[in-house]
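Please put together the full structure from these sequences, using the hints given.
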Amino acid sequence: MLKDNPRLAAIAKGFANKHRIGMLILLDKTAGLSVGELADVLGISFRTASEHSSRLASAGLVLKSHTAQQVEHSLTPTGKRVVKFLKELKSKKA
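Number 32 in numbering that gives the first Met the number 0 belongs to position 33 of the sequence shown; there are no gaps in the numbering.
Think of the hints as simulated: they come from the structure by calculation, not from any bench. Values in this document were obtained by computation on a predicted structure and should not be read as measured data. Beta carbons are placed, not taken as given, at the ideal position from N, Cα and C, and that holds for glycine. Incorrect hints may have been included.
[Stated by the list, open to error] Derived DSS-like pairs (lysine-lysine); straight-line CA-CA distance at most 27 Å:
#1 K79 - K17
#2 K12 - K83
#3 K79 - K63
#4 K2 - K79
#5 K28 - K83
#6 K17 - K91
#7 K2 - K12
#8 K91 - K12
#9 K12 - K86
#10 K83 - K63
#11 K12 - K89
#12 K63 - K12
#13 K28 - K2
#14 K17 - K83
#15 K63 - K86
#16 K28 - K89
#17 K91 - K63
#18 K79 - K12
#19 K17 - K89
#20 K86 - K17
#21 K79 - K89
#22 K86 - K28
#23 K2 - K83
[To be verified] Simulated restraints, written as ranges between beta carbons of each label pair:
#24 P5 - G35: 32 to 42 Å
#25 S57 - G35: 32 to 42 Å
#26 S64 - L1: 17 to 27 Å
#27 A67 - L1: 37 to 47 Å
#28 S53 - L85: 17 to 27 Å
#29 G31 - L1: 34 to 44 Å
#30 G59 - G31: 14 to 24 Å
#31 L62 - L85: 31 to 41 Å
Written out as structure tokens, the structure is:
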């Protein structure tokens, strides 16, 4: 049981930010967005969006697919489970 804790902590740290949560929810609705598109929709700078998308990818929540001119982002299966978890948390009344 304890051997999985570092991996779970890395996943939790991966989405423990309001911008990264926003990216996950956005990518759940629209896969294949570029960093520029993520930045525009979330109202953050390109550099900030790039840093957050890298952290999401490092945590195994987002997959980056390289096309000719840009990088498209989509959720991994783990990312989809995290979004489901976040939506469930949001719908619960304290």
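(message) Check the structure against each numbered hint from earlier and tell me which ones fail, lowest number first.
(response) Per hint list: 13, 17, 25, 26, 31 violated.
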